[in-house]
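*Asks:* Residue strings, one per chain:
There are 2 protein chains.
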Amino acid sequence: MVEDVTKTRRRAGGRSANRRGRSPGIEQLPWRLPKNTDRPTEPLTEEGVARIHGAAMRILEEVGIEFLNEEALELFRKAGATVEGERVKLGRDFVMEMVAKAPSSFTITPWNADREIILGDGHILFGAVGSAPNHLSLKGGKTPGSHAQYRDLLKLTQAFNCIHFNAGYPVEPADLHPSTRHLDALFDMLTMTDKVVHAYSLGPERIEDGMDMVKLAAGLDEDAFQSQPHMFTNINSTSPLKHDWPMIDGCLRCVRRGQAVVVTPFTLAGAMAPVTLAGAVAQSVAEGLSAIALFQYVAPGSACALGTFTSNVDMATGAPAFGTPEYMRATQMSGQMARFYGLPMRASGSCAANVPDAQAMWETANALWSAVQSGTNFVYHGAGWLEGGLIASPEKMVMDCELIQQILRYFEPDLVSTDEDALAVDAVAEVDLLPASERHFFGIGHTQDRYESAFYRPFLSNWQNYENWHLGGAVWTHDRASATVDRMLEAYEPPGLAQDRVEALEDFVARRKAEGGAPTDF
Amino acid sequence: MVEDVTKTRRRAGGRSANRRGRSPGIEQLPWRLPKNTDRPTEPLTEEGVARIHGAAMRILEEVGIEFLNEEALELFRKAGATVEGERVKLGRDFVMEMVAKAPSSFTITPWNADREIILGDGHILFGAVGSAPNHLSLKGGKTPGSHAQYRDLLKLTQAFNCIHFNAGYPVEPADLHPSTRHLDALFDMLTMTDKVVHAYSLGPERIEDGMDMVKLAAGLDEDAFQSQPHMFTNINSTSPLKHDWPMIDGCLRCVRRGQAVVVTPFTLAGAMAPVTLAGAVAQSVAEGLSAIALFQYVAPGSACALGTFTSNVDMATGAPAFGTPEYMRATQMSGQMARFYGLPMRASGSCAANVPDAQAMWETANALWSAVQSGTNFVYHGAGWLEGGLIASPEKMVMDCELIQQILRYFEPDLVSTDEDALAVDAVAEVDLLPASERHFFGIGHTQDRYESAFYRPFLSNWQNYENWHLGGAVWTHDRASATVDRMLEAYEPPGLAQDRVEALEDFVARRKAEGGAPTDF
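In the order they appear, the protein sequences are chains A and B.
Here the first sequence stands for residues 1 to 522, numbered as in the working numbering.
Here the second sequence stands for residues 1 to 522, numbered as in the working numbering.
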């Protein structure tokens, strides 16, 4: 299916959308929800899919999954599962019956409805880097994350039309007190961006506060809030085969209030999962489905996506690697499994590189193209990730957005049109009549009519020849990215959340701070 | 189809092949002829393919192609084509009848038969950068190409198992006299590498000397030489719609002596071809098929591949761009057309970047993945290209080989195996029985048995965490690449062409130099 680009362009005309020509800092593509029109790359045969499914079911039936959450255990008992201590064994019929209740696509609507996103239905959407403990910039080097850096990365997230959602805190604002950090962080995210937000499942207070703040920002009552997803949470399992208490608790709270959850096992093959990819994917599927089955039992039809984070370790050092051939194939295989279960699929942009250099970009290009190839709907960490997720980098975010924009352009249907205008036989004949020395296409009407929009226009790539590039200062890409960061921060415009809602959020934060925020001793 | 990796590994045991553990300078994958097992990405419907074919045929029938070659014009007249001056109009029936004579795959066998390559039959093979006039290294900056640089790039071409063939001179040895340059250059290529060589179609002397030297290096008589391809030539058309004299002359000489030709129109959309991709691809197909039809008329069944070099220009400056979304789609569309005509397909690794930095690698990753997606058989300029082909860079070659190796690994069938061992349910159950604090897969037999070969091992990527990377000198990728270049040049080993053949080549070169080489005034 091909998206109506005109329609998405019109949608982008809301109060906060950035249109070409008045974007902050750079000329960029308009906001849109791109569809992935490529047939996915499918390394597994139908039988291979069935075999991985069978292995996942055997894990669920014979080995079981630990749920360190008493409420979940009680629910599983009620559902008729075999519960041995904290170990839950699930029959495949129950799992498949529950998973079948989950929608194959759903929307998440933030306070600015123009920024509504659709997970599934052939879309591929990109989020900023999430949850990095550290920050690296060319000027500042590597430091633990700070509130100021957090706010700058939110500004970039907002400024780039190709970033569709916040994927958690782009960097941990470690200088904010842990008990109240989530209040300040979400206040910033809701006032400095108008894109979908994520709240962490790290204790009841944090996730409930998150939902309450999203509700206030959108000016909704509880019924309207619960009527559809307005935010989401993402959890990782504790591989192998374990779900921890706060993650399950947070997801249960979300689905009960109508909000979306993404379950993303983090199965590093050879470390927390089998060294063989099919095994790592099977384990990931088992871990993911066990949680989704629970959430569907509690809230049938609730919005759940299946995540994948299957990569490999460097067998020499045990260090995780990303954007590798194994990562690409695991992602493609996971995409096949998600389609088999009829669930929206989450994957990631990622790399192991420590600085925004050549390696960072070949690894990230591999990861992002594997997201495309796998039919991934929701690309976490799409922009700004370094060092296996331990570093958020503004320069890397700018580079990644250049690549993401190219993926958006790649999916524009006019590129592959074969209508008469596109075939251009008349243009070829017209140029052929020109004197031999002038036989080029620059000047003819067919070219001039399409001059402005024919090709992707980069904001960061330098396409000058060497001599002009050298005259311009011979600036390498990472340094150009650094300058672009400055320009975009300078030009940042807040999305304009209505003043009464800002005040409602301020009041909420003040009250919850007075109450002590969230306990920090769990 | 899945390649028998064992078989190719055994083949690599020849006198000059580099096996894991005794490779010069780095640990690398063994020589192999990888097969592309992915279903191609096909942006065109069947009707879209038919429409581009129809446009190409209209160009050939109604507009025609200029052949600035009297012999070609005479041949076309004889074949019944409409020849008006230097303009040839070709009926689609004739073109399709001729193209159908071309094989869908063929082999090229260099003097070391262990380095035989297969063009087509599902293979994807990679060549070094070709024909760059300039050289850039981190130490030496940008300079016109020299003989010393040429020889160093040959050493790297030989040393990397993932480079399957020489794609012309990696850099122009501009300090050698043009009349005799081809003699020295081919002598070096044939003695310093044992991989398939290319000779330029730049006048009868150069191409005939090239064939004679390949024959001498392989120790063949003329009959044996002509019995199958032992080398190839690649030509570009002079777009729009023109074939120049020396290119057609060289190809005619090649096919008459049983050697392979690759016809690669260089159709920059918006400059030398329509601004719309379907039009640029149609023109490219028309230019390519017109030449291939001629070669099949002269030598039915001769080895011909269809090349694509359709990219776009920066409409602001007219500068060519590579590795763009438009480039990727055009390559995929061209792959569909090549399959429609049953011809092996050539594409390229390419970028517009001027230095081996982040942009260079996202553009090159885009280009190389589009070669994979398009079912390309023969990737020219796979390693070492910068500045739209105006620069050859040893550091870039090393980086590209890291990425190419990952593509080779990506196609190894064990990655996507779903046999019982790969599903690893028993391994999951085994780890589950370990004490909670030891529940990981590092130590179990399933992991240990696969420890050595489970994952791709990089030679250039740094997967250390930031702190260890920093302790190791905080070396960015381009600087690590520079050190790798030094290490590989140091460890280079000549492939050991037999002394009598070296002497035969020396005698040939001496005689042809005494005769004056090739005229340089055309």
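FYI, nobody ran anything at the bench for these hints, they're computed from the structure.
Some hints here could point you the wrong way.
If several chains are the same, the list does not tell them apart, and a pair holds so long as it fits within one copy or across any two.
[As the list claims (entries may be wrong)] Here are the computed lysine to any residue pairs in the SDA-like style, where the Cα-Cα straight-line distance is at most 25 angstroms:
no., residue 1, residue 2
1, LYS139, GLY473
2, LYS513, GLY85
3, LYS139, TRP469
4, LYS242, GLU438
Quantities reported herein were computed from a predicted structural model and do not represent experimental measurements.
*Asks:* Hints numbered earlier in the text: which of these fail when held up against the supplied structure?
*Replies:* 2
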